[in-house]
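Put chain V on the given structure of chain Y with help from the hints.
Chain residues, written in single-letter form:
Number of protein chains: 2
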Amino acid sequence: MNKLSQIYPNDRVTLRDVSLRDGLQLVREVPSTESKIEWMRGEYAAGVRHFELGSFLPATRMPQFADIRDMITAASALEGAHSAALALNDRGATDAIQTDVGEIVCVVSATEEHSNANARRSRAEAIELVRRTAELARASDRRPLVSVGIAMAFGCSIAGEVSQDEVLRLAEAIFEAGADIVGIADTVGFAGPAQIQSLCEKMTVLCGDRPLNVHLHDTRGMGVANAAAALDAGARILDGSLGGLGGCPFAPGASGNVVMEDLVFLCESKGFRTGIDLDALIAVREIPQREMPGEPLHGAIARAGLPPMVEWRR
Amino acid sequence: MNKLSQIYPNDRVTLRDVSLRDGLQLVREVPSTESKIEWMRGEYAAGVRHFELGSFLPATRMPQFADIRDMITAASALEGAHSAALALNDRGATDAIQTDVGEIVCVVSATEEHSNANARRSRAEAIELVRRTAELARASDRRPLVSVGIAMAFGCSIAGEVSQDEVLRLAEAIFEAGADIVGIADTVGFAGPAQIQSLCEKMTVLCGDRPLNVHLHDTRGMGVANAAAALDAGARILDGSLGGLGGCPFAPGASGNVVMEDLVFLCESKGFRTGIDLDALIAVREIPQREMPGEPLHGAIARAGLPPMVEWRR
Numbered sequence: 680m681n682k683l684s685q686i687y688p689n690d691r692v693t694l695r696d697v698s699l700r701d702g703l704q705l706v707r708e709v710p711s712t713e714s715k716i717e718w719m720r721g722e723y724a725a726g727v728r729h730f731e732l733g734s735f736l737p738a739t740r741m742p743q744f745a746d747i748r749d750m751i752t753a754a755s756a757l758e759g760a761h762s763a764a765l766a767l768n769d770r771g772a773t774d775a776i777q778t779d780v781g782e783i784v785c786v787v788s789a790t791e792e793h794s795n796a797n798a799r800r801s802r803a804e805a806i807e808l809v810r811r812t813a814e815l816a817r818a819s820d821r822r823p824l825v826s827v828g829i830a831m832a833f834g835c836s837i838a839g840e841v842s843q844d845e846v847l848r849l850a851e852a853i854f855e856a857g858a859d860i861v862g863i864a865d866t867v868g869f870a871g872p873a874q875i876q877s878l879c880e881k882m883t884v885l886c887g888d889r890p891l892n893v894h895l896h897d898t899r900g901m902g903v904a905n906a907a908a909a910l911d912a913g914a915r916i917l918d919g920s921l922g923g924l925g926g927c928p929f930a931p932g933a934s935g936n937v938v939m940e941d942l943v944f945l946c947e948s949k950g951f952r953t954g955i956d957l958d959a960l961i962a963v964r965e966i967p968q969r970e971m972p973g974e975p976l977h978g979a980i981a982r983a984g985l986p987p988m989v990e991w992r993r
Numbered sequence: 680m681n682k683l684s685q686i687y688p689n690d691r692v693t694l695r696d697v698s699l700r701d702g703l704q705l706v707r708e709v710p711s712t713e714s715k716i717e718w719m720r721g722e723y724a725a726g727v728r729h730f731e732l733g734s735f736l737p738a739t740r741m742p743q744f745a746d747i748r749d750m751i752t753a754a755s756a757l758e759g760a761h762s763a764a765l766a767l768n769d770r771g772a773t774d775a776i777q778t779d780v781g782e783i784v785c786v787v788s789a790t791e792e793h794s795n796a797n798a799r800r801s802r803a804e805a806i807e808l809v810r811r812t813a814e815l816a817r818a819s820d821r822r823p824l825v826s827v828g829i830a831m832a833f834g835c836s837i838a839g840e841v842s843q844d845e846v847l848r849l850a851e852a853i854f855e856a857g858a859d860i861v862g863i864a865d866t867v868g869f870a871g872p873a874q875i876q877s878l879c880e881k882m883t884v885l886c887g888d889r890p891l892n893v894h895l896h897d898t899r900g901m902g903v904a905n906a907a908a909a910l911d912a913g914a915r916i917l918d919g920s921l922g923g924l925g926g927c928p929f930a931p932g933a934s935g936n937v938v939m940e941d942l943v944f945l946c947e948s949k950g951f952r953t954g955i956d957l958d959a960l961i962a963v964r965e966i967p968q969r970e971m972p973g974e975p976l977h978g979a980i981a982r983a984g985l986p987p988m989v990e991w992r993r
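Chains Y and V, in that order, are what the protein sequence lines are.
The opening residue of the first sequence carries number 680 in my numbering; numbering runs sequentially from there.
The opening residue of the second sequence carries number 680 in my numbering; numbering runs sequentially from there.
Among the clues, some could well be false.
All copies of an identical chain are treated as equivalent in the list; a pair is satisfied when it fits inside any one copy or across any two copies.
[To be verified] Result set (SDA-like, lysine to any residue): computed pairs, CA atoms no more than 20 Å apart in a straight line: (1) Lys682 with Lys949; (2) Lys682 with Arg817; (3) Lys949 with Leu885; (4) Lys949 with Ser842; (5) Lys682 with Arg821; (6) Lys682 with Ile776; (7) Lys682 with Asp820; (8) Lys949 with Ala873; (9) Lys949 with Glu840; (10) Lys949 with Ala912; (11) Lys949 with Glu814; (12) Lys682 with Glu880; (13) Lys949 with Gly839; (14) Lys949 with Gln843; (15) Lys682 with Ala803; (16) Lys949 with Glu880; (17) Lys949 with Asp911; (18) Lys682 with Phe854.
Think of the hints as simulated: they come from the structure by calculation, not from any bench.
As the structure is a prediction and not an experimental result, all values here were calculated from the model.
With the rest of the complex left out, here is chain Y:
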């Protein structure tokens, strides 16, 4: 069994928690490193094993991720935990390689317009960065996975509609550049389940044995429905965020990432065992609530509780 299928087994659904990365990207109050570690350990104790922990960027630009190395070290101390962090330039990739991180995450925009506006580089340049990052990773001792998220894959806040063919072409180029995993992101929550299912079906064919990662936002209330559609189309890695943390700068006041707790309920109700104790996961919400009282937490299952008779209740 190779490393990829050990970390992301194809025969089960993996839920990656991105609350400590995407969820902290826009917040006004930043929790202390101790609180973030307590938060991660709480989720780990509930059964979560995959954590996106931050971004390798200058602390001056993203102070909330200044402690990314400490977070990775703390994750490495948890048996079976898999850490991931963003590297958005060569410096970030070089820095990431020096750490114990399990997965380096790069981003390629689906549209030239968003790529230029967001990363000040073309999509071709972004893919060349993926190639250099993958080369660094392969040449390193620890050989972290390299995964690439295609942002705005279902519609772009700048360019508008995005063609599926374009996304598939980019995905192919990203694999060719050496990425282990490609993900597609509904960055601004434009898609409904029909769009998600259609692109995911094509992407799972393209991915073959490699798992497909889907990153969803609940901006327009479609998060859980879109996750169900992604699962139906064969996607086996879904990103979620505790309490739905992670707003969108393009839609102020809107809900953020799809809620991890509700995703767990969805997966279990569809017969995918997640290994996550939902009551224990819900209890972790207390930490962001305490550390960032100004950030609203979303999610229905945390308010309503589990149905009394679910057979998978632990």
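Leaving out everything else, chain V in the frame of chain Y:
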């Protein structure tokens, strides 16, 4: 074309707004009749045509529905609007027949336990009430439709699990008793999309040419995903509630009915034209907000707005 397929054409999705009935069932402040009519007219102007407006019950028991006759009269003045109201006993059915209501809605519980606790009658007695109501309707001049919702069809807050066979058996008996439409309700929000799809597929076979109505609550965040699953399984009548109004007495603080606005977005994104102008519908939220400031309104699309490039935007 018969009356049923005129009111609920099988080749399109019908969204029924239940906010003026289910949404007012548990509220502390009750809007005035004038405000309720303004609310209905606002939704009508946005394109909604199907309204569940209240219940024929003694005003002492449900003061929020004391004006049910006024509401039905107001609906009749709107061309193409279809009104519905609950009749939960013989007196209610007799009263309903005297009005211009387009549809009388009866309820049968999926479980004997809930039937006894909620309606103080057995399921067999509830079906006999359907039979008498259907006979009254057929013998009347206006011949309103008779529809029956099977409450707790996906799990019961009292009895726990509910077998699909039991629901199908009840549905058959309800049709045999003379109902025009049978609906299935996830009254306490226990189901995920797999459960919804599975039962809806069996129900659409049983219904044949008759449309299937599905009534969903968003208690555990599955509302929109469940609606998508119901549509995939061929259900063509979905209940929704403006702002998700309509809490559940068994899950205090939980979200209520599936949000009408988000349902519209879902349907349109799946290629089902609803004829509803989402911006105009969202504007109607101002009325419950003003009249019932203590009741939280739910829904993501109202906060985020429509994506800029949806081709169905009116």
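Each hint tested on the structure:
1. In this assembly of identical chains, Lys682 and Lys949 lie within 20 Å of each other by CA distance neither inside one copy nor across copies; the values are 27 Å within and 38 Å between.
2. Proximity of Lys682 and Arg817 under a CA criterion of 20 Å is satisfied intra-copy only: 12 Å inside one chain copy versus 69 Å between copies.
3. For the identical chains of this complex, Lys949 and Leu885 are neighbours neither inside a copy (24 Å) nor across copies (24 Å), given an alpha-carbon limit of 20 Å.
4. In this assembly of identical chains, the alpha carbons of Lys949 and Ser842 lie at most 20 Å apart only when taken from different copies (17 Å versus 30 Å within one copy).
5. Within a single copy, Lys682 and Arg821 get their C-alpha atoms as close as 11 Å, which meets the 20 Å cut-off; across copies the closest is 70 Å, which misses it.
6. Within a single copy, Lys682 and Ile776 get their C-alpha atoms as close as 17 Å, which meets the 20 Å cut-off; across copies the closest is 69 Å, which misses it.
7. For a Cα distance limit of 20 Å, the shortest separation of Lys682 from Asp820 inside one copy, 14 Å, qualifies, whereas the shortest one across copies, 73 Å, does not.
8. In this assembly of identical chains, Lys949 and Ala873 lie within 20 Å of each other by CA distance both inside one copy and across copies; the values are 18 Å within and 5 Å between.
9. When the C-alpha separation of Lys949 and Glu840 is checked against a cutoff of 20 Å, the pair qualifies only between copies, where the shortest distance is 16 Å, while the shortest distance within a copy is 31 Å.
10. Taking the closest pair of Cα atoms, Lys949 and Ala912 come within 20 Å of each other both inside a single copy (13 Å) and across two copies (15 Å).
11. For the homomeric pair Lys949 and Glu814, neither the shortest alpha-carbon distance inside one copy (39 Å) nor that between copies (41 Å) is at most 20 Å.
12. For the identical chains of this complex, Lys682 and Glu880 are neighbours neither inside a copy (24 Å) nor across copies (40 Å), given an alpha-carbon limit of 20 Å.
13. With identical chains, the CA atoms of Lys949 and Gly839 are at most 20 Å apart between copies only, with a shortest distance of 18 Å across copies and 33 Å within one.
14. In this homomeric assembly, Lys949 and Gln843 come within 20 Å of each other (Cα to Cα) only across copies, at 16 Å, whereas the closest approach inside a single copy is 27 Å.
15. Taking identical chains as interchangeable, the C-alpha atoms of Lys682 and Ala803 are never at most 20 Å apart, the minima being 28 Å within one chain and 59 Å between chains.
16. Proximity of Lys949 and Glu880 under a CA criterion of 20 Å is satisfied in both settings, with 18 Å inside one chain copy and 16 Å between copies.
17. For a Cα distance limit of 20 Å, the shortest separation of Lys949 from Asp911 qualifies both inside one copy, at 10 Å, and across copies, at 15 Å.
18. Proximity of Lys682 to Phe854 under the C-alpha cut-off of 20 Å is restricted to the intra-copy arrangement: shortest distance 16 Å within a copy versus 57 Å between copies.
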